[in-house]
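There are 2 protein chains.
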Amino acid sequence: MRVLGVDPGLTRCGVGVVEGTAGRPLRMVGVGVVRTPAEADTADRLVLIERGIEQWLDEHQPGFVAVERVFSQHNVRTVMGTAQASAVAMLCAARRGLPVALHTPSEVKAAVTGSGRADKAQVGAMVTRLLRLDAPPKPADAADALALAICHIWRAPAAGRLQQLAAAQRRTTAPVRLPKGTR
Amino acid sequence: MRVLGVDPGLTRCGVGVVEGTAGRPLRMVGVGVVRTPAEADTADRLVLIERGIEQWLDEHQPGFVAVERVFSQHNVRTVMGTAQASAVAMLCAARRGLPVALHTPSEVKAAVTGSGRADKAQVGAMVTRLLRLDAPPKPADAADALALAICHIWRAPAAGRLQQLAAAQRRTTAPVRLPKGTR
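Just so you know, the protein sequences line up as chains A and B, in that order. When we follow this note's numbering, the leftmost residue of the first sequence carries the number 1, and every step to the right adds one. When we follow this note's numbering, the leftmost residue of the second sequence carries the number 184, and every step to the right adds one.
Derived from the structure by calculation, the hints contain no laboratory data. If you're wondering where the values come from, they're calculated on a predicted model, not measured in any experiment. Where a beta carbon is used, it is the ideal one built from N, C-alpha and C, also for glycine. Hints are supplied without guarantee of correctness; some may be wrong.
Some residues of chain A that are not near chain B, with every Cβ distance over 12 Å (derived) [stated by the list, open to error]:
{"#": "1", "residue": "ARG27"}
{"#": "2", "residue": "ALA43"}
{"#": "3", "residue": "GLU107"}
{"#": "4", "residue": "THR113"}
{"#": "5", "residue": "ARG132"}
{"#": "6", "residue": "ARG155"}
What the simulated footprint calls covered on chain B by chain A, stretch by stretch (three residues with Cβ under 8 Å from a Cβ of chain A suffice, anywhere in the stretch; the number is not a length) [as the list claims (entries may be wrong)]:
{"#": "7", "segment": "226-234"}
{"#": "8", "segment": "271-281"}
Can you make the complete structure from the sequences, with help from the hints?
Next comes the structure, spelled out in structure tokens:
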């Protein structure tokens with residue numbers, strides 16, 4: 001099971017690919033950040049994010065994409081940008097027929113550290129340990145993207161397999177079929 | 184000057200194309216709604232919105248795209264979907280090198296009716312009159328999309344021409360150049 005985790009953002013979009021199965025050691029396939037210049041138009045920044053995500057999908061061919069679920073209780077401006085960047089990530093994945101899962105920040109923290117209120121440093125330390133890295137990935141967005149991918153592998157292996165089957169079926173029938181109640 | 188107005192939404196994305204120049208009678212080129220089923224996954228809905236917007240761009244070849252600016256003071260769930268749909272509209276336009284303008288709802292209402300607090304019926308009535316239609320376009324999202332396009336033609340003819348020049352230059356140099364302080 002190979003998962004691309006995306007921690008969406010207009011300025012820094014964290015991306016991390018993890019391979020593995022629940023209950024077995026995990027392997028980091030790649031980690032990075034898609035950046036866009038703050039002085040650019042939002043529309044152009046979204047194009048750059050699309051290109052970045054497409055490159056990661058092309059290069060690493062994940063079977064699943066896990067994106068952080070955005071809430072609007074935070075800073076207004078930031079949330080809009082985050083929602084827009086997450087839309088591009090979801091679009092890139094769904095366009096290829098890849099199943100997209102959304103996980104909340106507290107689900108990710110709980111899955112990786114055991115506490116939904118863990119701080120960035122704790123998440124980074126656990127990601128480092130779980131993937132047997134030499135040091136925590138920097139910036140935090142990159143570590144968060146790996147944590148999202150790990151969370152996805154651990155939280156829903158059964159649900160993930162069902163989604164994969166549904167996606168495979170969609171690919172053989174039509175580019176995007178919209179199943180009623182099948183997911 | 185041919186403008187595609189987009190009133191973004193996940194369930195109903197209003198689209199309207201208007202042609203004209205500030206100070207001259209305007210002409211409606213087309214109006215419609217891109218719909219996606221509420222029971223589908225958000226990611227698949229974004230793919231359908233992308234296809235819908237692409238069809239409108241292909242068919243009507245606008246020189247500008249005007250999208251309603253999303254604020255997060257409204258209902259939390261709705262705002263996320265609106266932000267995501269608007270991201271797809273902006274992405275489709277910018278990917279083609281088309282200039283994208285964002286207008287707030289009150290800017291649009293003020294431009295079309297003279298009052299930033301006009302209601303849906305007033306906006307619909309003025310759109311009907313300005314475009315010499317037989318009846319107000321339905322649903323309201325379609326009328327709002329036309330109002331956005333009208334607003335764009337009237338509000339910023341000079342800015343629009345500058346944007347168009349910048350976009351033409353971008354198309355001849357690179358698919359997306361990120362100018363510093365040029366817009």
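Okay, the hints, checked on the actual structure:
no.	hint	result
1	ARG27	holds (26 Å)
2	ALA43	violated (4 Å)
3	GLU107	holds (17 Å)
4	THR113	holds (26 Å)
5	ARG132	holds (32 Å)
6	ARG155	holds (17 Å)
7	226-234	holds (count 6)
8	271-281	holds (count 6)
The structure does not agree with numbered hint 2 stated previously, though it agrees with all others.
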